[in-house]
Each structure stands twice: as structure tokens, then as C-alpha cells.
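If you read the sequences in order, they're chains A and B.
Residue numbers for the first sequence follow UniProt numbering, so the first one is 1 and each next one is one higher.
Residue numbers for the second sequence follow UniProt numbering, so the first one is 1 and each next one is one higher.
It should be emphasised that the hints constitute simulated quantities derived from the structure, not laboratory data.
Wrong hints could be hidden among the right ones.
Below, in silico cross-link-like pairs of lysine-lysine (BS3-like), each with a Cα-Cα straight-line distance of 27 Å or less [unchecked claim]: (1) B:K61 to B:K99; (2) A:K439 to B:K431; (3) B:K315 to A:K439; (4) B:K431 to A:K379; (5) B:K74 to B:K61; (6) A:K48 to B:K315.
Here the structure is a predicted model, which is why all the values come from computation and not from measurement.
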Amino acid sequence: SVQAHKEEKSQKSMEMNGLTMAPDSYDYDLIVIGGGSGGLAAAKEAAKYEKKVMVLDFVKPTPQGSSWGLGGTCVNVGCIPKKLMHQAALLGQALQDSRKFGWQFTEEVKHNWMTMTESVQNYIGSLNWGYRVALRDNKVTYENAYGEFVGPHTIKATNKKGVEKLYTAERFLIATGERPRYLGIPGDKEYCISSDDLFSLPYCPGKTLVVGASYVALECAGFLAGLGLDVTVMVRSILLRGFDQDMANKIGEYMKEHGVHFIREFVPVKVEQVEEGTPGRLKVTAKSTTGNQIIEGEYNTVLLAIGRDPCTRKIGLDKVGVHINEKTGKIPVNDEEQTNVPYVYAVGDILQDKLELTPVAIQAGRLLVRRLYAGATTKCDYVNVPTTVFTPLEYGACGYSEEAAVEKFGEENIEVYHSHFWPLEWTVPSRDNNKCYAKIICNIQDNERVIGFHVLGPNAGEVTQGFAAAIKCGMTKEQLDSTIGIHPVCAEV
Amino acid sequence: GTSWGVGGTCVNVGCIPKKLMHQAALLGTALKDAQHYGWNITQPIHHTWSVMAQGVQNYVKSLNWGHRVQLQDKKVKYFNVKGSFSDPHTVRGLTKAGKETIVTADSIVIATGGRPKYPTHIAGALEHGITSDDLFWLKESPGKTLLYCVYMELFFSISLTGASPDVSLECAGFLTGIGLDTTVMMRSTPLRGFDQAQMASLVTEHMESYGTKFLKRCFPTKVEKLESNRLEVTWKNTDLGTEETDSFDTVMWAVGRAPDTKTLNLETVGVKTNSETGKIIVDASEATSVPHIYAIGDITEGRPELTPTAIAAGKLLAHRLFGQSSELMDYDNVPTTVFTPLEYGCVGLSEEAAVQCHGSDNIEVFHAYYKPLEFTVAERDATQCYMKMVCLRERGQRILGLHFIGPNAGEVIQGFALGIKCGATYPQLMKTVGIHPTCAEEVTKLHITKRSGLDATVTGC
Chain A
1 SVQAHKEEKS QKSMEMNGLT MAPDSYDYDL IVIGGGSGGL AAAKEAAKYE KKVMVLDFVK
61 PTPQGSSWGL GGTCVNVGCI PKKLMHQAAL LGQALQDSRK FGWQFTEEVK HNWMTMTESV
121 QNYIGSLNWG YRVALRDNKV TYENAYGEFV GPHTIKATNK KGVEKLYTAE RFLIATGERP
181 RYLGIPGDKE YCISSDDLFS LPYCPGKTLV VGASYVALEC AGFLAGLGLD VTVMVRSILL
241 RGFDQDMANK IGEYMKEHGV HFIREFVPVK VEQVEEGTPG RLKVTAKSTT GNQIIEGEYN
301 TVLLAIGRDP CTRKIGLDKV GVHINEKTGK IPVNDEEQTN VPYVYAVGDI LQDKLELTPV
361 AIQAGRLLVR RLYAGATTKC DYVNVPTTVF TPLEYGACGY SEEAAVEKFG EENIEVYHSH
421 FWPLEWTVPS RDNNKCYAKI ICNIQDNERV IGFHVLGPNA GEVTQGFAAA IKCGMTKEQL
481 DSTIGIHPVC AEV
Chain B
1 GTSWGVGGTC VNVGCIPKKL MHQAALLGTA LKDAQHYGWN ITQPIHHTWS VMAQGVQNYV
61 KSLNWGHRVQ LQDKKVKYFN VKGSFSDPHT VRGLTKAGKE TIVTADSIVI ATGGRPKYPT
121 HIAGALEHGI TSDDLFWLKE SPGKTLLYCV YMELFFSISL TGASPDVSLE CAGFLTGIGL
181 DTTVMMRSTP LRGFDQAQMA SLVTEHMESY GTKFLKRCFP TKVEKLESNR LEVTWKNTDL
241 GTEETDSFDT VMWAVGRAPD TKTLNLETVG VKTNSETGKI IVDASEATSV PHIYAIGDIT
301 EGRPELTPTA IAAGKLLAHR LFGQSSELMD YDNVPTTVFT PLEYGCVGLS EEAAVQCHGS
361 DNIEVFHAYY KPLEFTVAER DATQCYMKMV CLRERGQRIL GLHFIGPNAG EVIQGFALGI
421 KCGATYPQLM KTVGIHPTCA EEVTKLHITK RSGLDATVTG C
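Extracted from the complex, chain A is given alone in its bound form (with noise of 0.2 Å):
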């Protein structure tokens, strides 16, 4: 039985660690170290069952110097603000196909930077706000501090004052979650800036480079582009590694299209500054991937969005021996979200293997504090999450990529249904009519069952989720057809 099972990894670990220890004494049931998506979710989740629970969530600040509240990465400095100056990208492009509905005003009309971003900063600071009234709500305890393990069933919490203190528990949830990756080469840190940054920056970024190619990038990118800025994106190789790439292309050719600049196969190698100022203006050296080329750019703010790293490096793992992976810094876990110590749980960004969404962690968490305190077994159900790139052109998307399909079920086996469409709303203002694209995968073998959903146009997210959830009931290629569309909308294509 697992709880046999369990006892018996504890009693290893125990006597592993030399230490035994009377279950009653612990100053908490749970400890959860950091408080974003998947750790307050589980947090609160623990309180509705009567435990003890402290939430520690502490940022150490960017290199520029930023900060923010409690609420983790997805409220502070990524789905949300992301989302919402996307928002106002989208709202400048429907400034413009307004006149031609017959909307009338002036020619000109500029955007301001800083009425965009304090109404942003507004709404996600009430939001830190209300994530500390739901903790003190459910009676769970929260230390603006840093949590890191001392010794088996211990941490240590240093708050911003550097005074520190000692808590033990009976278990504990690392949700850690991630930080922008720095280039390692003269100039990053002190110059360029990441999305920590970005959300909360107190000037208008100006002509920006946008160094990278993952989701992050091309949003960023986007909404800037969106926002009537000059943009360029430095890509190393190839766009939206691991998303389908026939889509990842496309959205690649419409930004380019819509005024973003493209460097493809370059990367940077010095980051200079020129003049200094809000913003000042920084000289990038690049360097070829595919040659002995350099070139140079001259632009205000230089957005660094290569990757994130897992914050598991220095909260003392190896003091308690949770195990990571060396080179990534990520937790392997079990189905259970269970790393090889057996009171040691984590759920989110940081776990190996899994997608990195906060849907996903908050879903994770909460069914683990039902397994472990309220007799519960469902676990996690990581197979078909849809997502949603929030990209000028956003794109939504729910099982296998094109690729992914052809080398899991082979070529012959599988068929793809896809076609263009033009949005109604975008007829009158005569915008692009053969960009908007959906696709479906089918296995042939399985009855033609939907195993891939990929659509290109606005509002992909509200179009993806319902598809995410008839494929989760298994839906075929023939129910679809049955399905009748409503009309006129994009997702009836």
C-alpha cells in the first residue's frame, strides 16, 4: 500500500539523516516556501482542512533593483501584467480598424507608457493585497521571509532586516518557482534588463532589443512592437523551442510583418552603454552562430528573455538531501509531486519534466493537500494542458505538435485538418485575410481521435479552452464535424 510504502522510504530517510523525531512537536504541519501560484493555492487548501500552515515567499531583488509583493511570478511579473499590456497592444490596433467602423478622431494618437504601467502596478498591488487578506482569512501564518533548510525538518527564515529565525514541520512544499537566466557577458547585469523588470519600469523603454526566442520574448516583443516602440529580437536559433513549429513560424512571419524586427542566428556578446538615462542608450556586439560575423546596435533598453532558472540552487537542499538535477536545477518528483524525501513535496516551475504553467501548479498543489489530508487519491492530470501564447497573433493550443505526433504515431498514421480563416471583425478594417490558421491531429488508428488542437487568431485562449476540454473527453474527428458552429465566430472554423 502507499502508505506502507510511504512509512517505509520515512524510516529510511530518517535513519539516513541520524535523526528521529516525535511527529507532535513540529511547529507547523506544513511549511510551503514560496508564495506564488502553486504555493498559496496549496497553502490555502491546507487551511480549509484545519492544518497549521506558513506560507514564506521573499524576492530577492532584480540587478536593476526591482521588487514586488505576494503572489509569486504569474501575478507579479508574468501572466498577469503580461496579459494586460497585451491588452493594450491590442487595443492600438483596435484604435486604428475603429475608423474604418466609422470611429472618428484624432490622426495621432500616442500611447503613454507610464499611465499603462501605474494602472497595472495598481491592479496587481490589490492583488498582493488580497492574496494577504485570503492567507490571514484561512488563519494561514506568512513571513515576508527567506525560507532555506538548516537540517531535517527545519528552515530558517531571514526577512528583510537579516534577523533570522528557526521553524520545523512535519512537511514541506518547495514552490520556489523561477528567475530570468542571465547571458554571462560583460555588461548583462549591469545594464540589460529581464520581465522582472519590464512590468514595473518607471520610463518608457524606448527602442528595445529583445534577446531570446522563448514565449516570453515574442509576448514582450509583441506588445512593445504593439505599443508603437521600435523592436528587434535577437534570436540564437529557432523560434518557440518545443511548441509545434509550423505555428511557431507563423507567428514569427506576422510579427515581422507588423513592424518587429527579426536577427536571426546571432548572439550577444557585449552590452556597452553609451549614455546613461530613463532610458539611456546601450551598444550590443553580436556575434554569428553560423560564422565569424559581428555586428553592433544601438538601442535604450536591451530585454534579456533566454530562459529561467529554477530558484533551488541556495534554499538548502543539500542540508535535508533532496536531490535535483545538477544541470538544470530542477526537482524530480513522483506522480504524487513527492521528491526522494519523503516529507518533502514541490509543485510548479520547478519540477522536472513538467510545464511550467500556473494553472498547472495551482491544480498540482491543491490535489496533493487533498491527497495528504484529506484521504483523496486523484492526482495531477499533466497530459493535454492547453496553453495560450499571448503573441500579437496569439496561439492556443492543446495536445501534440505536428512533430511530436509524426514521431510518437508516425506519418502514415496520423492526419492533420487545417485551415485559414478571416475573421469577420477583420474584413471591414481590411486586415490580413490568409494569417488566421487552425489545425487538428488526428491518430487514424484510433478511431481519429483528436490528439492535437492548434489555432492561430484572437482570442485563442477563449477558442482553446472548451476544445482542451472535449479533448479530454476523448473527442473524434467525426464528433467534431457533428459539432455545429456558431456563427459568426472565429471558433466555429
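Mind docking chain B on chain A? Use the hints.
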């Protein structure tokens, strides 16, 4: 005197121009939102009807053209004539000029659709009022407009045959959105206790705060033209028992649509119609009482009045007649959307219908009030943003119906309609991970039941 090209109601005087004008209105709101998001738009902002109308009308004409080209490409012979039956296998067509064409056929499909009704018992209705057939083709702004409907049809028919677009609310919605003084007068309001009333009142509440005026439980008695060319409408207020008047630039009737069958000569060939509605009675294979004569679309009795169902039914019919298929049209769980300023999308049964079918003890209704992220910075009111899911309590908790009020309702509902076609259950929906941040993800997080009486407002991530 308005007329239009090939394509039918949807293309010319229905879904297409309606959604485009709805979009124009939404863009007006976007302009207001944009200022909160940092866009400096100097006042005044105003809307010019003729620019919008021309854009819309040009697009519709391109669709007319597109249809003609397609028919030609597929070698379908197209006659621009008014057809009627001479005998069961013969159709007589008359051109505008009166020239006659006779065609015979093995099989005949009637798809003549419907036209707006006029309340001819109201003095001046025909002479001075317009309908949706005219609205989308007006060259000049309709100005201060009164729309009259008997009741909100949508919300009554929704449980049975799926929703029909609510003409009066959708038109009133976009007219308000582009800045016109708009009033909706309705003779009766939804009965208390009907679930449709909940969704209907959320939609109309939003419209009221949006600026549309409502005159409930009133009906016009006469419409007269004034010297200024404005229209003076006199109506009876049944609540107060008084008679009131006001003047408008335009009066639009939205009192229902009637099937266009009178001039077809159906009695001569024996095609039976419903004596009350005038619609053609068909069986599950779209056949009328005369075996080789079929009917599809708005004109058929007991079917939803929707473009996609007509299209699907037509295609399946052709497959059965000529393609060796036996697949019948499935009219169950047809998703629809009403494109009011705050859109309402739905699929499956209404709460009312579910209670009627299964009993209130056997169903569970999960619901939530949510706030679209984009409303936050824009400081928009999300009071009426709401969703509910009706499930069976047993048998795996199968989902019977899903209702969503909010932006992009059609986009949200479409995928879930597929899920419902696959027999989706509540547990399966809960296992589906949400896409963040969207409105649609709230569907996968529904967990408060109406039965519990708990506050259904969504709180934070």
C-alpha cells in the same frame, strides 16, 4: 424598398452585418478602455454611420459576388427569379421584369427562409416603420431610434429548439454603442421563475447601464409622421394604465419573423405547413409531406433558426440524396450566441428545461460571477459577467447545458459544445486545466452550486 443580392438573410440582413455593427459598437468601448491603458485620444470622439454602413455594405456585396462565383465554379445554375410550384415537379420562376422561366426537377429543396413581420394592427406601422431588413442598408444614421418587440423571444425558445437571435436586443445594443439615443419597448417581460429570465435580466441589466432605455410592458397604438419628418409614437403603458408619446427619427419593428411561404403555392402540390406558424412540416430527413420535396432552414417547423444548422442540414441532405449517406442531422445541443453588448453564449439545456426534464432534485447547477482581466485596468463594471453549468447529479454528472455571459461568448462556448457532444461530465471538466488568464478558464473552475446558496463570486487566482 430595401433589397439585396444572393446569400440570404445571414449574409445580407442577418448575422454578418449584425456582427460587424456589433463590432463597431464594441470598438467604441475599446476606445474608452484604451485611454485607461495609456492611449492618448483627444476628445471629441464621434461615430459616423455612413462610414460604417459603407464598409459593411461593401463587404456584404463582396460576399454576394463570392457566392455567385462559387455557384458558377461548381456549375450550379443560378436564376434570379421568384419561384413557385406549378406542379410537384415543376417550378415557375418570374424575373423582376416579369419574364417567366419553367424548370422541372427530380428533387426540390425549399429554403426560402423568413422575413420580418410588421405589426399591421398598429396604425402607421407599415408606412413609417422599418425592420432589420432595412436597418443594415440605411445610408444615413437612424438617429434617435425606438425598437419594439412583443417579448424577448430568444429567452423563451432557447430551451426547446435553441436560441434564435434576439433582433431587438442586438440591434438596440449596437445602436446604443455607436452613440445613438436608443429605446427598446416591449409588450411583456419574461415570467418570474423562468431560468431564461435570469440570463435575460443579466443581459438587459447590462444594456441599461450601457445606456439603452427600456420601456417595459408598453405597446404602441399608432405612429404618425410629423412635419419635421420625425415620427411621433403613441403607446399604452400597461403598468400605469396611461398613454404616452414621444418622437423618434426611426421606429424599427422586431415582432418576429414569418416564413416566406405564402407565394410558393404549396397547397397546390400538397406540402403541409403548420397552420399557426406557417412553417413547413418536415421529418427527420428534412422531407416534407411530399416525398421528393424537402425543406431546410428557418422555414422548417421545430428547428432552430440558425445559419450553421441550415448549412449542416443542407449538406447532410445532399449527402443522403446523392452521396450514399444515411446520416441524419442532429439538432440537439446546438450552440448559439446572442451578440448583445455583453454577449450571451449557450449550448444544451436551460436550467428550466433541465428541471422540467429531470426534476430539480436530479440536477446540479454550478455558477460563478467573474471579472474579465481586461476589465480591471479599464475600470469596467463586470456585475453581469456570469456563467452557469447545468449537470445531472447522477450518471457521472453529465453536463446538460452551459451558459456564459461575457466578452467573446461565442469563442468561449464553441469548444465546450464539442465537449458536450462527446458526453462531457463535470469531473472531466474539472480535470481539464485552465488557460490563464482567460475568461473561459473559469468554466473549468466552476464549483459553487446554486443549491449551496454560497456567494458565487470568483476570488483571485
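Hints and how they fare:
no.: 1; hint: B:K61 to B:K99; verdict: holds (25 Å)
no.: 2; hint: A:K439 to B:K431; verdict: holds (24 Å)
no.: 3; hint: B:K315 to A:K439; verdict: holds (22 Å)
no.: 4; hint: B:K431 to A:K379; verdict: holds (10 Å)
no.: 5; hint: B:K74 to B:K61; verdict: holds (20 Å)
no.: 6; hint: A:K48 to B:K315; verdict: violated (54 Å)
When each numbered hint is compared with the structure, a violation occurs for hint 6 only.
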